[in-house]
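Trainee: When you get a sec, could you build the whole thing from the sequences and use the hints?
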Amino acid sequence: MHVIRGIRGTFQPFWVTLRNMFRKPVTIQYPEEKQQLPERYRARLILTRDPDGAERCVACHLCSAACPVDCISMQAAEAEDGRRYGAWFRINFTRCIFCGLCTEACPTLAIQVTADFELAGRDPLKLVYEKEDLLVDHCGNNNSYNFYRQSGIGVAAPRGTNPGETPPADVKDLMP
Amino acid sequence: MPTLTIDNQTISVPEGKTILEAAEALGIMVPHFCYHKELGAVGACRMCAVTVHTGPMPGVKMACLIAVEEGMVVTTGDEASVAFRERVGEWLMLNHPHDCPVCDEGGECQLQEMTISSGHGIRRYQGEKGTYTNQDLGPFIAQEMNRCIQCYRCARTYKDYCGGRDFGVMGSRNRVFFGRFKEGMLESDFSGNLVDLCPTGVFTDRTFRFKSRAWDLEQADSVCPQCGVGCATIPGGRLRELQRVRSGDNPLVNATFICDRGRFGSGYANHPERPRQARQEDQTVSITAALTALETQIRATVKQHGPEAVLLVGSDRASLETNWLLQRTAKYFGCRVPVLNAHRQRHQTAQMAAFDLSERLASLQDIRSSDLVLVCGVDPLAEAPLLALALRQAVRKGGRVVVYDPRPVELPCDADRVAVSPLALQELLADGGVEGRHLCDLLSQAKNPMIVAGADLLGLAGLQNIRTWAEKTSNEERPCLVYPVLAGPNSFGTALLSLPEQDDLLTRLDSGKVKMLVCVDADPLLEAPEGERFAAALTRLEQLVVLDYLPTSLSRHANLFIPTCPPVEDSGTFINNEGRLRRFQRVLKPGLSLARTAAGEHPPREFSLDTPGSDPQPAALLLQRLIGQEQTLTELHRQLVLEQPRLASLVKLKAGEAGPRVVPAVARPQSLDPLPEQPAQTLELVVSPARYGGDLFSRYAPKLEPRKRQPYFYLHPDELQAHGLKDGDAAVVETDFGSFTLPVRSQPDMALGCVLVENSEAFPQLIPGAGLGYCVISAGGTNE
Chain A
1 MHVIRGIRGT
11 FQPFWVTLRN
21 MFRKPVTIQY
31 PEEKQQLPER
41 YRARLILTRD
51 PDGAERCVAC
61 HLCSAACPVD
71 CISMQAAEAE
81 DGRRYGAWFR
91 INFTRCIFCG
101 LCTEACPTLA
111 IQVTADFELA
121 GRDPLKLVYE
131 KEDLLVDHCG
141 NNNSYNFYRQ
151 SGIGVAAPRG
161 TNPGETPPAD
171 VKDLMP
Chain B
1001 MPTLTIDNQT
1011 ISVPEGKTIL
1021 EAAEALGIMV
1031 PHFCYHKELG
1041 AVGACRMCAV
1051 TVHTGPMPGV
1061 KMACLIAVEE
1071 GMVVTTGDEA
1081 SVAFRERVGE
1091 WLMLNHPHDC
1101 PVCDEGGECQ
1111 LQEMTISSGH
1121 GIRRYQGEKG
1131 TYTNQDLGPF
1141 IAQEMNRCIQ
1151 CYRCARTYKD
1161 YCGGRDFGVM
1171 GSRNRVFFGR
1181 FKEGMLESDF
1191 SGNLVDLCPT
1201 GVFTDRTFRF
1211 KSRAWDLEQA
1221 DSVCPQCGVG
1231 CATIPGGRLR
1241 ELQRVRSGDN
1251 PLVNATFICD
1261 RGRFGSGYAN
1271 HPERPRQARQ
1281 EDQTVSITAA
1291 LTALETQIRA
1301 TVKQHGPEAV
1311 LLVGSDRASL
1321 ETNWLLQRTA
1331 KYFGCRVPVL
1341 NAHRQRHQTA
1351 QMAAFDLSER
1361 LASLQDIRSS
1371 DLVLVCGVDP
1381 LAEAPLLALA
1391 LRQAVRKGGR
1401 VVVYDPRPVE
1411 LPCDADRVAV
1421 SPLALQELLA
1431 DGGVEGRHLC
1441 DLLSQAKNPM
1451 IVAGADLLGL
1461 AGLQNIRTWA
1471 EKTSNEERPC
1481 LVYPVLAGPN
1491 SFGTALLSLP
1501 EQDDLLTRLD
1511 SGKVKMLVCV
1521 DADPLLEAPE
1531 GERFAAALTR
1541 LEQLVVLDYL
1551 PTSLSRHANL
1561 FIPTCPPVED
1571 SGTFINNEGR
1581 LRRFQRVLKP
1591 GLSLARTAAG
1601 EHPPREFSLD
1611 TPGSDPQPAA
1621 LLLQRLIGQE
1631 QTLTELHRQL
1641 VLEQPRLASL
1651 VKLKAGEAGP
1661 RVVPAVARPQ
1671 SLDPLPEQPA
1681 QTLELVVSPA
1691 RYGGDLFSRY
1701 APKLEPRKRQ
1711 PYFYLHPDEL
1721 QAHGLKDGDA
1731 AVVETDFGSF
1741 TLPVRSQPDM
1751 ALGCVLVENS
1761 EAFPQLIPGA
1771 GLGYCVISAG
1781 GTNE
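Protein sequence lines, in the order shown, are assigned to chains A and B.
Every letter in the first sequence is one number past the one before it in this note's numbering, and letter 92, counting from 1, is 92.
Here this note's numbering = 1-based position in the second sequence + 1000.
There may be inaccurate statements among the hints.
[As the list claims (entries may be wrong)] Heads up, simulated EDC-like pairs for lysine to aspartate or glutamate below, C-alpha to C-alpha not over 20 Å straight-line:
#1 A:Lys131 / B:Glu1601
#2 A:Lys172 / B:Glu1183
#3 B:Lys1708 / B:Glu1410
#4 A:Lys172 / B:Asp1136
#5 B:Lys1182 / A:Asp173
#6 B:Lys1703 / A:Glu78
Note that these hints are calculated values from the structure, not bench results.
Predicted model, so just to flag it, every value in this text is computed and none were measured.
Mentor: This is the structure in structure tokens:
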């Protein structure tokens, strides 16, 4: 039995090689040629904007809380209209493991993954992205969601005028 | 003690406890909102449904409202109660906005927790959400009324527990609104408790707005250093910045409440002027170099001029460990015993509390359940704010509060207030008279009488008389307890450590023998009377060494300065007014906050090993390094207990504990000096700490600015008229400590024959607690 298995093991690899010699190669000539990656590929993170063009990120710290490697840090601040936003926002891509948990945690769809995996360099500091490096000028994979129009606290529109809200209650009204 | 069964576990609880409390004792969490252990239950939220299987009316009941009965069988996880709670969770969420990401309560929100524990997850209701218009409630509290679930906890906290009068419930049906009648700053000195008590994000800390998430904060059990009450606090910081203080839980002291001064007065830790570098003659040096220089200088001075030449000064805001190490340092270098409190009179009264009153000290919890509290010479809101809350609880339970004080004492409760001048109060306590006998009778007849004694105003003689009164009115059934109100967080501790015959700072300085003064966490210029005499003595010194964490003027003038750490950056022990050991734990490491070093921008991109501004070290550690004996806190405590057996419980004490009392001491023999005569044509001078800015900490707390008041000389309107003055006129007041010019204010609620002035950063010249003082007031001077 051992002899037969030995002979088969000797010839089978040759057969595999021979069979593939006449097939079209799958290798692409990276970096001259780029591969078409799946739509949901997880690589470089971005901060998107809402349909009105404002920053989506409200610096709620949920992404940094979800991050298993602690590569996200930020500080929230308040704008004059009461909007909470990130005064600074930093992702350290030398630490990031591209698990995408931050995008799952994000309640405002601000942080999203892109297929841009080309994150390499000799200087690690160039991989520490600040807010201006992360913020993009589009809505990412969702073109409709605006957190502040759904949140019900009157930042994007006056209180009681957002979808699904009644006008502010008149607390001095005595009507039943 | 009825015994009941909850979820197949049996427990016996005291009569009158509710099912919710019994379940809590078993470790079973029943979701709830409106119930709070200090506020009680009102049954407003309907969340705590459980099923009772026994008794005449079994079925789903509210656990917070049903008192336990013998043999009761309760389940919390059965189908009926779970379904009930899930529906309640769902309807509480009907109008709640979808804004947890931008809500400061997120992460420590009871609504988040209870909604999840109730089982409600997916919104089914398709109707519209109700909204409200918010109010601007001032610089401390931010309101977001849309988040309200109508549990009434805020109104119960602010109005019922804290006695605030400018906040309440308005509206009807689903328009119920919690706020002020008009927009404006909340007036109560306990407004910050709304933040802790609100189970959701309706009331959040405006000074902490959007600064950090609860889970990112570095937090530890600490003790508020801003007065002698010793409230449990939980300070929280992030990125080297102390960002907020919230109340801890100590049922014997502050329950779960703290005052606004403690909550919003934490700015000293990150004060921009806080000294963070050791300095020797205007040259920046390292801590190690400074310590070496200090050691050499002490040795040289002692060798050259003898043990009297080096004077070490401790402080009632430094921890017990620091003060004790100071005594050890003195022994090590062979100098005379240190002065642990620069303020002689305050030190004497604190010793009175620590030794002679130690058998009959009341706790705030005792005061909360007292039926008669005699308050002598205390303005609780200025000197010990949580005492005012305790008095209110006593009144709410049917007790009576009688206040004898020259000041217009405001209390958040009904009280019988008698405005008497300090001298008249001393006479009343000493000799009694009809009024005194009447008060003694009242105390004797009361079931649970307490005397609250202000050490600053009463002084040594007053406290001795208070002790006599307490002895007189005690009987076999119950003692009459005394709650002394001392000035600093560790006044009791410093007094307990020092020997009774210790002489005072100024006498020793004026003897001319002192060549080198080492002040540890102390500024006698700001914390002790006769500042001018002290300043004159400073010029005769060869060396002034200051170890401090506050940017006081003394620390700027020191020949050698070494930065230390405030309590939030240190671990140690304070002993509070009631003789309770209170341990605090380090919350943050010292360092310049990122908000300052990065100026609002992102943190520096380059990595570096050293933290800017991280030089300061706890004073206790510095002293240990100075004498070359670095020990762990436990080792230190063991040795301290050997020397001071009264502190026996110190070794096992942990932060966050209620704290044991010090062992009572035998009272010392007393001698009463006769009261001094009031000079003719004078008025009595009453110096009181300001409510905000009276203690050194709140002077360096920028958040408290909106509450600080301008200094005035307050006089009774009749007194104003007699001196030909009008409200707002500038007046010159000549005192033993110099003459001062301030505008006058008429104050009809204060005693006749007195001039009242508040000590604050705007008027730091006169220090409270300097004993009976007299002054002459005249019109004139320029209105500054």
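Trainee: Compare the structure with each hint and give your call.
Mentor: Status of the hints after comparison with the structure:
For the proposed pair Lys131 (chain A) and Glu1601 (chain B), the alpha carbon gap of about 10 Å is at most 20 Å, so the pair holds. Note on Lys172 (chain A) and Glu1183 (chain B): the hinted pairing holds, with a Cα-Cα distance of about 14 Å set against a maximum of 20 Å. Straight-line distance between C-alpha atoms of Lys1708 (chain B) and Glu1410 (chain B) comes to about 16 Å, which keeps the hinted pair within the 20 Å bound. Only pairs whose Cα atoms come within 20 Å are accepted, and Lys172 (chain A) paired with Asp1136 (chain B) is accepted, the gap being roughly 18 Å.
For the proposed pair Lys1182 (chain B) and Asp173 (chain A), the alpha carbon gap of about 16 Å is at most 20 Å, so the pair holds. In summary, the hint linking Lys1703 (chain B) to Glu78 (chain A) is supported, as the alpha carbons are separated by about 18 Å, within the 20 Å threshold.
The structure agrees with every numbered hint stated previously.
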